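Enquirer: Input sequences plus hints: build the corresponding full structure.
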Amino acid sequence: MMTFLYFIPNSWLPLLESAFYALIFPGFVAILLLAFFIIWFERKAAARVQMRYGPLWVSKRTGGIIQLLADMIRFSFQEFIIPQGADFIPFVFLPGLLLAFSVLPTVFIPIGPDYSHIFPSNYSLLLAVAFTLVIPVYLVALGWAADNKFSFIGALREAYLLVSYEVPFILAVASAFLLYGSLDLVKIVGIQEGTLPGIILNPLAAIVYIIAVIRATGRVPYDIVEADSELVFGPYTEYSSLMFGFVMGVPYIELYSYSLLFSVLFLSGWAPVTGIGFLGGLILPGIVTFVKSVIVMCFLVFLRAVYPRYKLDKAVRAGWSWVFYLALAALLLSAVVSRVLW
4 MMTFLYFIPN SWLPLLESAF YALIFPGFVA ILLLAFFIIW FERKAAARVQ MRYGPLWVSK
64 RTGGIIQLLA DMIRFSFQEF IIPQGADFIP FVFLPGLLLA FSVLPTVFIP IGPDYSHIFP
124 SNYSLLLAVA FTLVIPVYLV ALGWAADNKF SFIGALREAY LLVSYEVPFI LAVASAFLLY
184 GSLDLVKIVG IQEGTLPGII LNPLAAIVYI IAVIRATGRV PYDIVEADSE LVFGPYTEYS
244 SLMFGFVMGV PYIELYSYSL LFSVLFLSGW APVTGIGFLG GLILPGIVTF VKSVIVMCFL
304 VFLRAVYPRY KLDKAVRAGW SWVFYLALAA LLLSAVVSRV LW
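Residues in the sequence shown are numbered consecutively from 4, following this note's numbering.
To be clear, the hints were calculated from the coordinates, so they are not data collected in a lab.
Careful, some of the hints might be misleading.
No farther apart than 25 angstroms at their CA atoms in a straight line, the calculated lysine to any residue pairs in the SDA-like style are these [as the list claims (entries may be wrong)]: (1) K317 <-> G248; (2) K152 <-> P93; (3) K63 <-> M251; (4) K47 <-> K317; (5) K152 <-> K317; (6) K63 <-> A48; (7) K47 <-> A73; (8) K314 <-> I156; (9) K47 <-> G252; (10) K314 <-> S324; (11) K190 <-> D117; (12) K152 <-> Y163; (13) K152 <-> D231; (14) K317 <-> Y163; (15) K314 <-> G221; (16) K152 <-> M251; (17) K63 <-> D231; (18) K317 <-> V140; (19) K152 <-> K47; (20) K63 <-> Q53; (21) K47 <-> G248; (22) K314 <-> F302; (23) K152 <-> A318; (24) K63 <-> F78; (25) K47 <-> A33.
Ranges between beta-carbon positions, derived for each pair [as the list claims (entries may be wrong)]: (26) S324 <-> Q81: 35 to 45 angstroms; (27) W323 <-> V137: 37 to 47 angstroms; (28) Q53 <-> E233: 17 to 27 angstroms; (29) F96 <-> D231: 22 to 32 angstroms; (30) Y126 <-> S79: 33 to 43 angstroms; (31) W323 <-> I85: 36 to 46 angstroms; (32) S244 <-> W60: 19 to 29 angstroms.
Note that the structure is predicted; figures quoted are calculated from it, not measured.
Even glycine gets a Cβ: it sits at the ideal position worked out from N, Cα and C.
Expert: And the structure:
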């Protein structure tokens, strides 16, 4: 642990270390700062493609990068309205659960060789994936609780897409497990350091994973659940004030969790940087992992500017046809590659 904590009792150090990882890096503070950047980047990238300026007037010298802060201040002064027919408890508390479960996967994803998990486990991959799979269930319940036809239709669309794209996602993760023979993400990065990145060993699994992530986070062309031109804002239609800010931020936090996991599974995580101690075993490798994740996120949000939205039937059909077959091919490729390499 850091030397400036020498006056803290030794029994407290593991708790403080875990709190640092959870709150500072890669926890809430890192996620908050990343949200400022990635939302600004998405707006700017879409604006440039469409020959617009994008965010500009809030901190004009920095190109409007703190536009999100202005939005959150505006949301905080708005009234939080609960629809008369809404189920009070789920309507109020589900956004908080969505936010919590979108952050929780980062707890189990290592950012360096000396990373100490808050809940140490040799099954970190399984735990990270398990928490990501819970999020759509809360989203469906959220749309159901609002007592609004647009929210309800958005929830039904989420249920349709959930079934058709969670299966390929699970198969892509299973392909990674079959390829590396381990559920420990630290060992998985070590295996890639000794051979090749997973995106080279099994590009099919990486492609299926990316497609499933685009669907899971509602990115274009799979922004079918919100579909602002059809459903106002889908399951989130009735939310206002800070609650709207929370539910709007959940897909970006999910995107961070998925991108962080992708960088560990398919981009060799913190490789080629490795070392020991707080600096060499955590901070420097963590920065490398973080940068890889941000690059993946930038690619995914850029799709908003270049792709139209799929129709629901075409998206579901694609999930059960070529995406599913590609996932099965990825599973077979992992079996062949693991047989050859190990």
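Enquirer: Now, for every hint given, state plainly whether the structure supports it.
Expert: Outcome of the hint check:
For the given pair, K317 sits about 30 angstroms from G248 by alpha-carbon distance, which is inconsistent with the 25 angstroms threshold. Pair hint K152 plus P93 holds up; C-alpha atoms about 17 angstroms apart against a cutoff of 25 angstroms. Distance hint between K63 and M251 is fulfilled; the C-alpha atoms sit about 24 angstroms from each other, no more than 25 angstroms. Annotation: proposed proximity of K47 to K317 is violated, straight-line Cα distance about 29 angstroms (limit 25 angstroms).
Taking the CA atoms of K152 and K317, the gap is near 23 angstroms; set against the 25 angstroms cutoff, the hint holds. At most 25 angstroms may separate the alpha-carbon atoms for a hinted pair to count; K63 and A48 meet this at roughly 17 angstroms. Of the pairs offered as hints, the one joining K47 and A73 holds, with about 16 angstroms between alpha carbons and a cut-off of 25 angstroms not exceeded. With a C-alpha separation of about 14 angstroms, the suggested pair K314 and I156 falls inside the 25 angstroms cut-off, and the hint holds.
Among the hinted pairs, K47 with G252 is consistent with the structure: their alpha-carbon atoms are about 17 angstroms apart, no more than 25 angstroms. Taking the CA atoms of K314 and S324, the gap is about 15 angstroms. The hint holds against a cut of 25 angstroms. Distance check on the hinted pair: K190 and D117 sit about 12 angstroms apart at the alpha-carbon level, within 25 angstroms; holds. Taken as a hint, the K152 and Y163 pair is honoured in the structure, with Cα atoms around 17 angstroms apart against an allowance of 25 angstroms.
Taking the CA atoms of K152 and D231, the gap is near 14 angstroms; set against the 25 angstroms cutoff, the hint holds. Simply put, K317 and Y163 have alpha-carbon atoms about 12 angstroms apart, close enough for the 25 angstroms limit, and the pair holds. Of the pairs offered as hints, the one joining K314 and G221 holds, with about 13 angstroms between alpha carbons and a cut-off of 25 angstroms not exceeded. For the hint pairing K152 with M251, the CA-to-CA distance comes to about 19 angstroms; that is within 25 angstroms, so the pair holds.
Using a Cα cut-off of 25 angstroms, the hinted pair K63 and D231 is violated, with the two alpha carbons roughly 28 angstroms apart. About 22 angstroms separates the Cα atoms of K317 and V140, which keeps this hinted pair within 25 angstroms; it holds. Among the hinted pairs, K152 with K47 is inconsistent with the structure: their alpha-carbon atoms are about 33 angstroms apart, more than 25 angstroms. A distance of roughly 20 angstroms separates the Cα atoms of K63 and Q53; the hinted pair therefore holds under the 25 angstroms criterion.
For the hint pairing K47 with G248, the CA-to-CA distance comes to about 20 angstroms; that is within 25 angstroms, so the pair holds. Taken as a hint, the K314 and F302 pair is honoured in the structure, with Cα atoms around 22 angstroms apart against an allowance of 25 angstroms. A hinted pair counts as satisfied when its Cα atoms are at most 25 angstroms apart, and K152 with A318 qualifies at roughly 22 angstroms. A threshold of 25 angstroms between alpha carbons decides the hint, and for K63 with F78 the separation of about 21 angstroms falls inside it, so the pair holds.
A threshold of 25 angstroms between alpha carbons decides the hint, and for K47 with A33 the separation of about 21 angstroms falls inside it, so the pair holds. At roughly 44 angstroms, the beta-carbon separation of S324 and Q81 lies within the given 35 to 45 angstroms, and the hint holds. In this structure, W323 and V137 break the distance hint of 37 to 47 angstroms, their C-beta atoms being roughly 22 angstroms apart. Our hint of 17 to 27 angstroms for Q53 and E233 holds, since their Cβ atoms are close to 20 angstroms apart.
Our hint of 22 to 32 angstroms for F96 and D231 holds, since their Cβ atoms are close to 25 angstroms apart. Look at Y126 against S79: about 40 angstroms separates their beta carbons, and that is inside 33 to 43 angstroms. At about 38 angstroms, the beta-carbon gap between W323 and I85 stays in the expected band of 36 to 46 angstroms. For the pair S244 and W60, the beta carbons lie near 23 angstroms from each other, so the given range of 19 to 29 angstroms is met.
Checked against the numbered hints given earlier, the structure breaks hints 1, 4, 17, 19, 27 and satisfies all the rest.
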